[in-house]
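A.B. asks: Chain by chain, the residues run as shown.
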Amino acid sequence: MKIAFCTDLDKSVVVANCEKRGWVQVGPEDEWNIYWAGTLTCRSLFSVDSGYRMNDNQMINHFPNHYEMTRKDLLVKNIKRYRRDLEKEGNSLAERWDAKYLHLDFIPITFVLPADYNIFVEEYRKAPQSTWIMKPCSRSQGSGIFLINKLSKLKRWSREANKNMLQPQLAKECYVISRYIHNPLLIGGKKFDLRLYVTVTSFRPLKAYQFRHGFCRFCTVKYDSSVAELDNMFIHLTNVSVQKHGEEYNALHGGKLSVQNLRLHLESTRGKEITENLFDQISWLIIHSLKAVQPVIATDRHCFECYGYDIIIDNKLKPWLIEVNASPSLTSTTANDRILKHKLIDNILSLVLPPSGFPDVRWNKIVSPDALGDFELLIDEDLINQEEINGDRHSKSSYYRWK
Amino acid sequence: MEEVKDKGIHYTSVKLCEDLKLSSSYINFFTDVQRVVSSSQVKVEEFGDSLFNALKETGLEAQLRNNVYYWIRNQVKENKTSAYDTFFKKAQIQWEKRIHKSLNSMCTELNVHLARPRYNSDREELIEKWGELSNYDVDVTKYRPVYSPKDFLEVLLNLKGPNYKPKADEPVWEFCHIPIKVKELHDLRILFSELSHGEPVLGIDVAKHLPCSYAAFEAERIELGEKVVDSNQAPTAQEYLKKGCPPSLRARIWKLVLGSGINETHHVQYEKLRAHVLQYDLMIDKLIIKDIHLTASNDDQYFVFEDILHQVLLCFSRDPDVLRLLPYKPGYMQVVLKGKTEPETTLTFPPSGVIPFHGFTMYAAPFCYLFEDSVELYFTIRAFYLRYWFRLHKICGHNQGVVCLCLLFERLLQCYDTALWHHFKKINIPPIRVVFKWIMRAFSGHLPPDQLLYLWDLILAYDSLEIIPLLAVIILIFRRANLLRVNTLQNIESVLADLSSISVMSMLQVALSKE
Chain E
1 MKIAFCTDLD KSVVVANCEK RGWVQVGPED EWNIYWAGTL TCRSLFSVDS
51 GYRMNDNQMI NHFPNHYEMT RKDLLVKNIK RYRRDLEKEG NSLAERWDAK
101 YLHLDFIPIT FVLPADYNIF VEEYRKAPQS TWIMKPCSRS QGSGIFLINK
151 LSKLKRWSRE ANKNMLQPQL AKECYVISRY IHNPLLIGGK KFDLRLYVTV
201 TSFRPLKAYQ FRHGFCRFCT VKYDSSVAEL DNMFIHLTNV SVQKHGEEYN
251 ALHGGKLSVQ NLRLHLESTR GKEITENLFD QISWLIIHSL KAVQPVIATD
301 RHCFECYGYD IIIDNKLKPW LIEVNASPSL TSTTANDRIL KHKLIDNILS
351 LVLPPSGFPD VRWNKIVSPD ALGDFELLID EDLINQEEIN GDRHSKSSYY
401 RWK
Chain D
1 MEEVKDKGIH YTSVKLCEDL KLSSSYINFF TDVQRVVSSS QVKVEEFGDS
51 LFNALKETGL EAQLRNNVYY WIRNQVKENK TSAYDTFFKK AQIQWEKRIH
101 KSLNSMCTEL NVHLARPRYN SDREELIEKW GELSNYDVDV TKYRPVYSPK
151 DFLEVLLNLK GPNYKPKADE PVWEFCHIPI KVKELHDLRI LFSELSHGEP
201 VLGIDVAKHL PCSYAAFEAE RIELGEKVVD SNQAPTAQEY LKKGCPPSLR
251 ARIWKLVLGS GINETHHVQY EKLRAHVLQY DLMIDKLIIK DIHLTASNDD
301 QYFVFEDILH QVLLCFSRDP DVLRLLPYKP GYMQVVLKGK TEPETTLTFP
351 PSGVIPFHGF TMYAAPFCYL FEDSVELYFT IRAFYLRYWF RLHKICGHNQ
401 GVVCLCLLFE RLLQCYDTAL WHHFKKINIP PIRVVFKWIM RAFSGHLPPD
451 QLLYLWDLIL AYDSLEIIPL LAVIILIFRR ANLLRVNTLQ NIESVLADLS
501 SISVMSMLQV ALSKE
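So the protein sequences, as listed, match chains E and D.
Going left to right, the first sequence walks through residues 1 to 403 as full-length UniProt numbering numbers them.
Going left to right, the second sequence walks through residues 1 to 515 as full-length UniProt numbering numbers them.
Take these hints with a grain of salt, some might be off.
List of simulated lysine-lysine pairs, DSS-like, C-alpha gap at most 25 Å [stated by the list, open to error]: (1) D/437 to D/290; (2) E/244 to D/437; (3) D/183 to D/338; (4) E/244 to D/129.
In case anyone wonders, no lab produced these hints; they're calculated from the structure.
Chain E extracted, bound-state conformation (with noise of 0.2 Å):
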């Protein structure tokens, strides 16, 4: 049976590996197995206006409210919460050190405005030297983001959006305010974030795994965290869509270095063990921002989904989760950008797919080693589970990267 595929993305490398295995394209009225979508297009198949309702041999790439981890406010609402529950429990992963938790210190501390705006001023006075960074919610790729070091600059900026109440969208927009890393690590003196890809199988259990490819990718102007240079955004953000109006920008290279040649490079200068705790590390943040938002997904056997990982690693090399993306863009900007988004999306396909190829939501979706290709398994519940009732507590540690 020959498998139908349907994208309403004009992405040349979903089209390009869905062709590669001979399957054939459909239109979204048509009877599809796989459906390549848009978070929007998703949103509505998904709505209960629609009335559509996928049957057994159908998939889709985004969970109906993926949302809970997308959106800024609310992924950190999720944490938030998260952390909470582990406290009442009294799990030792929630345990603190001076207000501060040990092991789920991940995100920089974030406030949502206008909600938290008393809070955030509490905090602010801590350290009233320190700078913050806002961005709007829901917006992406840079857009809306400023700086600010001053409440006063806080204070003009709110007056100023109160003024556009004739244009209420824009008055209403929520941001969130969270502390600026302001010590990242440098390379070669710029400033740089990671991105990195998981695909998420199932919530409940969980079943996520890591793409071994990724990239950093970098400023172009060498990293000043001066109060003078605070509006220069190609100083501090990294999002391609920003650093490409830049002077300096190069279109050869795209300011991305893959994961690899940062870790060979950490690996000479800082040591073996340095680096493998790093990105250990990085592992563990991934995991545990999933967690914390397992119990508001919505379960269905349908979805899968890729993130894009955004995290910024500090001069002590902690890393920090900045955000998450739902459609972490498939244009190439590069040679190599094309080489790893191609080999991504085959990957998540294999991996997405039962053994048997043909999509079939009954599959208990624990995936052989041979179809990981370049995807690392970071968490199956499953396996955990069946491993706790065979008794086989040795080998546990296997199934983790960061034990």
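Assemble the complex: chain E is given as a structure, and chain D must be docked to it using the hints.
C.D. replies: Relative to chain E, chain D alone:
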């Protein structure tokens, strides 16, 4: 070495002492020895023995041994045995003259001086932007690299060997008319015996030959490597490299093998070089900047290091020690500097004697993965250049020189893949033409950095560049099926363009081990 032995142990030791006294580490070493001698560990009664023990305990003995080891390595002189010495020397002089002529005509064309004191405003800008020289505002659009690997290959292929008998209309095709003996596969198997015996090495992609997991093997190698570093013995470190170096130890092991560890005197030296860059505006600066722009700045493996590369390469051009320490005397120019206030002075141009070609930056770029500090980076790059890289852009008959490496490549390909050789012959594309850029840059910029550094481990370990043509042959043979299918230069180049899937250690091991 032979030379050293010939003149007897007495002569050798006198020469050794003289040279050690001149080395940059000597002052510190001498102070340390004085400190030990005056300590309570050394007793008048058993002066010799107690001094020896004390030196051993303080690690000074190992330091001295290493210095002797580096010294002996540096006694290898050029062309000591080649019968074609004068022939190659002449060719090299001619080539250098051509380069100098082309530099001069570029200066005339662009209406710039070869060298002159730097303008104050320019100096201020350089000082301000020293940490981000990629933003240093200088127009290099009109500058062209003096020559490219392709130009150099043309020169090499046109070398009329001493026994050359011209045939009518014969296209320049290969090196076989150059009558130098190069190693055969059999000799290479003996030279690289650790690889040919199929012993486990780091950097192999499949761990099927390993008794344990790759991770366990790596951990074992790291443990051993730590001991090697602690022992501070250069020969041991060199031996250790034969099975590949874990990335986390590479910087320290390489420094130990090369003797490129640094102390305060190195910082002073580097600062002097920087001062020279700030003081004089050399035409070659623009060539260096241009080359970085053309190579590292556009390369997704190295663009992050462009600023530091500017620093070290500009300083390199100013280093008179490069000229002094090179085992041969390259040609250089003398430029008269006309200052307004100062008296006239002459300047060796360039002070290092090295004129960069297109891709010169790639001799330095991979080291940026290993060192963050510019002084450490600089001295290791310099040491590698003085040992190996200068041979890759110089005409000579030395068995490590580029001519012999090309010959070695040709003979190996002829012997071990005659069909492929004939295919090249049939489509009239000299195989050396497609691999020469790999050889001349020691694969830098062609292999991904992790693989490249394994390859360079082996250069150091066996103190030989012969691994480079060997790898070039292996890659061709590995891709023979695809090569045999195409017959234009463009298609051949596209078969060989992407080396990102090459596993250096695995391929060398497979090729060197007997079935």
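A.B. asks: If a hint holds in the structure, say so; if it doesn't, say that too.
C.D. replies: Hint check:
1. D/437 to D/290: Between residue 437 of chain D and residue 290 of chain D the Cα gap is close to 19 Å, so the pair holds against 25 Å.
2. E/244 to D/437: Between residue 244 of chain E and residue 437 of chain D the Cα gap is close to 32 Å, so the pair fails against 25 Å, i.e. violated.
3. D/183 to D/338: The hint is violated at about 52 Å.
4. E/244 to D/129: holds (23 Å)
Consistency note: the structure conflicts with the earlier hints numbered 2, 3.
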